[in-house]
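Asker: Protein chains in written order, with my numbering: chain R, 1 to 209; chain A, 1 to 269; chain C, 1 to 265.
Don't take every hint at face value.
[What the hints assert, rightly or not] Only pairs whose alpha carbons sit at most 25 Å apart, straight line, appear in this in silico SDA-like list of lysine to any residue: (1) 76(C) to 161(R); (2) 203(C) to 131(A); (3) 16(C) to 14(A); (4) 16(C) to 44(A); (5) 203(C) to 220(C); (6) 16(C) to 33(A); (7) 76(C) to 140(C); (8) 16(C) to 13(A); (9) 203(C) to 166(A).
Hints were generated in silico from the structure; no laboratory data involved.
So you can see what is in the structure, the chains are spelled out below.
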Amino acid sequence: MLVMAAKARVLGTLFRASLLLTLPIAISVVLVSVFTRAGTTVLFQVGPFDATLEGVDFAAQTLARLFAISASIGLFVLVTEPRAFVFDLERRGVPPRLAFIAVATIEAVPTLIDRATVIGESQRARGLDTEGSLRARLRGLLPMVGPVIIGSLTDVEERSLALESRAFSRPGRRHLLWSMPDTTWERVLRWGLLLGLITLVVLRFTGRV
Amino acid sequence: MTAIQLEGLGFVYPDGTRALDGVDLSIEPGASVAVIGQNGSGKSTLVRHLNGLLRPTEGRVLHDSEDVAGLRTAALAARVGIVFQNPDRQIFAGRVRDEVAFGPRMLGRGKAEAAAAGAAALEAVGLTDATDANPYDLGYSRRKLLAIASVLAMDTPVVVLDEPTTGQDARGIARVQQVIAQLVADGRTVIAISHDMRFVAESFGRVVVMGSGRVLLDGSPAEVFAESAWPVLASTYLEPTHAARVGARLGLGSTPTEARLVEVLSARG
Amino acid sequence: MLRLAGVGYRYAGYAKPVLSDIDLTLADGEIVGVVGANEAGKSTLCLVASGLAPGSIGGALTGGGFSIDGESMAGKPLHEFSTRVGIGFQNPATQLSGVTGSVFEEVALGPMNLGLHRRDTVERVRAALATLGIEDLAEREPRRLSGGQGQLVVIASLLAMRPSHLVLDEPTAQLDPEGTRLVGEALRALAKTGAALLIAEHKTDLLDGLCSRVVVLDRGRIVADGPTGAVLDDPALVERGVDPPSRVRLARALREARLDPGLVA
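All chains, full assembly: derive it from the sequences and hints.
Answerer: What follows is the structure, encoded as structure tokens:
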């Protein structure tokens with residue numbers, strides 16, 4: 001997976017993002033595992049708590065798993081093009097409208113951020129203090145909420161009207177224009193990984209690993 | 001009164017795009033200035049530096065010869081009020097009267113004082129009859145006027161209008177022109193961004209033409225819409241006013257407005 | 001031929017009609033402009049003429065009826081309207097789907113939704129881009145286009161549906177002068193193909209050079225409907241809250257100063 005990330009040139013971003021995401025959980029995992037895991041080899045003591053080797057080992061394993069999960073999700077989001085995602089969903093039978101909504105939801109986030117920024121500018125230009133105390137900043141959220149919501153709703157309405165004009169609500173299959181190249185080695189890799197996963201699970205259950 | 005100076009103002013966005021490049025501009029109190037140029041020429045970036053929404057990456061912004069770098073936007077809002085293009089990105093109150101009172105209240109005025117300032121502002125834009133209405137029951141034109149009123153109520157010495165006539169009908173535009181004339185008569189500085197060349201030629205004493213983050217032309221409407229300046233206008237995808245073109249065609253010198261054209265023709269006899 | 005006969009319209013939840021007694025025909029090859037003050041009903045008229053009102057937004061359509069090429073459109077499902085009447089709005093950002101990587105794919109979205117085969121889709125996209133002269137934009141990313149270019153892509157997307165009529169609600173309202181010029185040129189090119197266009201606009205200068213007919217709306221009613229020159233020259237236009245074209249304003253200013261308008265001809 002790290003190899004794929006490196007190939008897609010997102011290794012750095014992925015690392016940082018995954019680290020940020022797992023950090024909060026990681027801290028509590030480490031604290032709990034290291035000090036409360038039953039074990040025989042005590043490394044050091046903090047008050048009534050013993051830090052055991054087994055605990056450290058468990059913590060390390062858990063962290064590795066967490067990192068793998070967040071990194072794989074992160075890789076998916078960073079590398080996938082929206083239209084490839086839509087195409088594949090549709091190819092596998094998901095109705096076009098649903099597929100579109102899935103993508104539009106992801107795309108909605110940057111739009112929302114932009115809108116909030118512009119609204120923030122208007123309110124700040126009227127003296128709303130966004131650089132002051134926390135209390136002031138919280139109070140300052142109120143004049144932002146209304147315009148953000150109304151703006152988003154208006155946006156959705158305009159978008160859906162525009163889509164109707166392009167027969168978006170027409171039932172039936174579409175013949176998609178774009179095709180996603182599915183090279184042999186990609187297919188081999190996919191099946192290989194799936195087989196590898198199944199093998200690992202089986203081996204786990206039969207106690208070999 | 002606040003004089004504004006921009007010295008070597010440059011701005012580069014975090015993603016590396018350069019929006020402003022070595023802008024030198026000096027605006028005296030009481031001036032009426034229109035900033036024109038195609039989208040992307042730096043107009044919006046420029047005005048956002050006037051009240052600290054954006055901070056220069058090069059150069060300085062001065063109010064009365066004092067660098068505003070250390071002042072917060074909330075503080076600068078008392079000197080420079082900006083009305084942005086889309087009223088719906090600003091309006092949040094359930095009643096018109098509360099919307100116009102917001103600005104003055106933010107600046108620290110008491111309830112009664114803010115209400116009075118709001119009422120005066122509503123009268124200036126012709127919305128007194130809508131004082132207790134819900135802003136969203138007003139049409140788009142009137143919401144735009146409401147946005148202007150809510151900044152007028154702050155009594156700032158400098159008022160900046162970002163595309164005040166875009167989306168407005170004839171009555172709305174006329175009302176905006178009235179408001180600007182009144183502000184100028186009161187000695188306040190008015191700065192506006194606009195795409196409407198006729199509005200610009202008629203309502204402003206000075207026109208600043210921007211292109212690629214630089215000031216290309218800076219002068220009176222007569223200077224900026226004169227035939228000699230047309231190539232510069234064209235470089236930022238602007239066209240002179242109809243009156244200017246007619247005047248040039250008839251060899252009458254620079255006639256940026258209909259009024260001026262009529263004047264020249266009358267004088268010619 | 002698109003025909004509204006004595007039509008009225010009320011938004012959902014409102015008692016007062018926004019449009020009353022609308023008699024409007026749009027024949028093939030006609031370019032008709034719609035002018036009026038804000039809130040006169042221009043946008044509502046566009047929504048009604050495209051079937052989106054009441055089809056998508058609800059509300060009540062009253063009166064004689066809405067027919068296209070003699071066929072009543074009452075009760076027809078929304079997607080049937082899209083192949084007969086296309087509608088474009090002011091803001092290019094909300095009309096571009098946001099899920100396509102190129103202008104070509106964006107314009108192809110509509111035909112694909114119609115269930116057309118690839119070859120037909122490609123053909124329609126090429127034709128639409130060619131009509132508007134934007135073949136060079138085909139590989140560009142829709143979100144990186146300028147406002148004017150975005151609107152051209154929107155219009156191309158509508159054209160790819162091969163509607164017999166096109167309704168545009170203030171297509172240049174949010175554009176800079178260059179964008180307005182681009183769209184104006186595109187509309188002139190479109191006019192040459194014999195398309196039927198209904199354009200609501202404030203910019204009477206734009207309509208002056210483009211439309212054969214202009215309709216004036218005032219408080220939900222049509223108060224004038226005639227040849228462009230006659231309607232835009234009418235002094236009553238100003239009372240309706242509409243700015244006449246530059247040439248008309250100038251002529252009036254000259255007459256007021258007791259000068260001959262012919263001086264500037």
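Asker: Evaluate each hint against the coordinates.
Answerer: For each hint, the structure was consulted:
1. 76(C) to 161(R): 16 Å, holds
2. 203(C) to 131(A): 31 Å, violated
3. 16(C) to 14(A): 50 Å, violated
4. 16(C) to 44(A): Outside the cut-off at roughly 40 Å; violated.
5. 203(C) to 220(C): This hinted pair holds, its Cα atoms lying about 20 Å apart.
6. 16(C) to 33(A): 43 Å, violated
7. 76(C) to 140(C): Status violated; Cα separation ~36 Å.
8. 16(C) to 13(A): 49 Å, violated
9. 203(C) to 166(A): Answer holds: residue 203(C) to residue 166(A) is near 11 Å, not above 25 Å.
In summary, the structure is inconsistent with hints 2, 3, 4, 6, 7, 8 from the numbered list given earlier, while agreeing with the others.
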